[in-house]
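If you want the building blocks of each chain, they are given just below.
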Amino acid sequence: MHQEDIVIVTLKVNGVERPLAVEPRRLLCDALREDLGLTGTNLGCEQGVCGSCTVLVDGESVRSCLMFAVQAGGCEITTVEGLASGETLHPLQAAFWEKQALQCGFCTPGFLMAGVELLRRNPEPDEAGVRAALAGNTCRCTGYEHIVDAVLAAADGAARERTFAEEPEVDVAAEVVAREGR
Amino acid sequence: MVELNFARVRPEAVMDLTRVPELREWGTENGRLRVGAGITYTRVIRELGDRLPGLAMASRTVGSPQIRNRGTVGGNLGTASPAGDALPPLYVSDAEVELASVEGTRRVPVAEFVKAPKRTATNPEELISAFLVPEAGGPQQYAKIGPRNAMVIAVCSLGLAVHPERKEVCACIGSAGPTPIRACEAEDFIRGVIEEEGLWESRGELAEAALGRFGELVSEAARPISDVRGTAAYRTHAVGVLARRTLGWAWNEYRGGI
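Chains A and B supply the protein sequences, listed in that same order. Each number in our numbering corresponds to the 1-based position in the first sequence with 68 added. Each number in our numbering corresponds to the 1-based position in the second sequence with 23 added.
Honestly, the hints are just simulated from the structure, not real lab data. What you are looking at is a predicted structure, and each value in this text was computed from that prediction instead of being measured. All residues carry an ideal CB built from backbone N, CA and C; glycine is no exception. Accuracy of the hints is not assured; some may be wrong.
If we take Cβ atoms under 8 Å as the criterion, some of the chain B residues that face chain A in the derived model are [stated by the list, open to error]:
id	residue
1	MET24
2	ASN28
3	VAL32
4	ASP39
5	THR41
6	GLY86
7	PRO88
8	GLN89
9	ASN92
10	ARG93
11	ALA173
12	ILE176
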């Protein structure tokens, strides 16, 4: 490969800027897995059908096998490694754990990323909405029932937390300002 | 991209247009919508669903959320597959495709733009920059047959638009011929029925027999092949069923919406 065929591109992966020297046709999934060592993103079909390689690019789910790394330059990329904070699982990961929504686990990263996007767009989906949002991801073990349960459970959990969060904390000073118009 | 991954094609150069802002805009122009070729299916559904309901319905059937976040109507036009889901809705609304080059821009009716399977009227130096289409003046439908609800290339499909403003019903067959096909005889037939019985004004029911005959005429307009997704006979039959059903749904919506 000639030197001029190498492109320098900076990906912001899970909040960290990662400069990369890649061939222009390096797939995003290969750059993540092989150049950055983030092997949580799995490669199933490499033709955009199975959904295993789903990551978020600027908050939108994409198939990282159908995108070049250079196309993601400057974008915020979230992979499955970016979901948990330290030892604390992301609520959707915790729900997958509780509901036993995985068996071999190969497809799980893709389902998690698709689920995260769904819950961000629609925090209270119904079952049909969950099934539609996950329709681009294939699982060969579970039969999907527990995966759908997990996403619904995560949505329920988040809804409960929101209800508690919405209990108004009374800010007396602000109330006075609002009432008296300063 | 899939063809590249499997080394079926090795283009010398690949150009990424996703960040060209002009291609990602839509607006109105002389009473029509001008929609940039880089608008994704997700955005069609979210931002244009009320103005272009048929195209939004078709967009919902494309791939999966991940595909709809990246795929564009412009890409569907460029591919010009007879199974392209965005095409029948554009045909039934007499959309135009805008082609741009350093020489300027020109606009081509979509039915002239799609020449043959995967062949378009685009010259090598031209870029598909947008499509132009009137906002829906009446109910629209899109129906598609495939083995499941997602990640499916149409076995066959049908786009339908009721145009009360010009007293026409348009139907276009997808994936049952070398290009999408407008079912002109079926359109003429149903226009005649509606006119004769004064149904535009009365918003009366369309007779079961008229719906059935409409379906038959749509079937007759199909020119399918047999391939891995379905036989020609199945496709011929199925587009007729889709036509009868979508017309029924759309007409009922017209009747309900006063």
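Comparing the hints with the structure gives:
{"no.": "1", "hint": "MET24", "verdict": "holds, 4 Å"}
{"no.": "2", "hint": "ASN28", "verdict": "holds, 5 Å"}
{"no.": "3", "hint": "VAL32", "verdict": "violated, 12 Å"}
{"no.": "4", "hint": "ASP39", "verdict": "holds, 5 Å"}
{"no.": "5", "hint": "THR41", "verdict": "holds, 7 Å"}
{"no.": "6", "hint": "GLY86", "verdict": "holds, 6 Å"}
{"no.": "7", "hint": "PRO88", "verdict": "holds, 6 Å"}
{"no.": "8", "hint": "GLN89", "verdict": "holds, 5 Å"}
{"no.": "9", "hint": "ASN92", "verdict": "holds, 4 Å"}
{"no.": "10", "hint": "ARG93", "verdict": "holds, 6 Å"}
{"no.": "11", "hint": "ALA173", "verdict": "holds, 3 Å"}
{"no.": "12", "hint": "ILE176", "verdict": "violated, 11 Å"}
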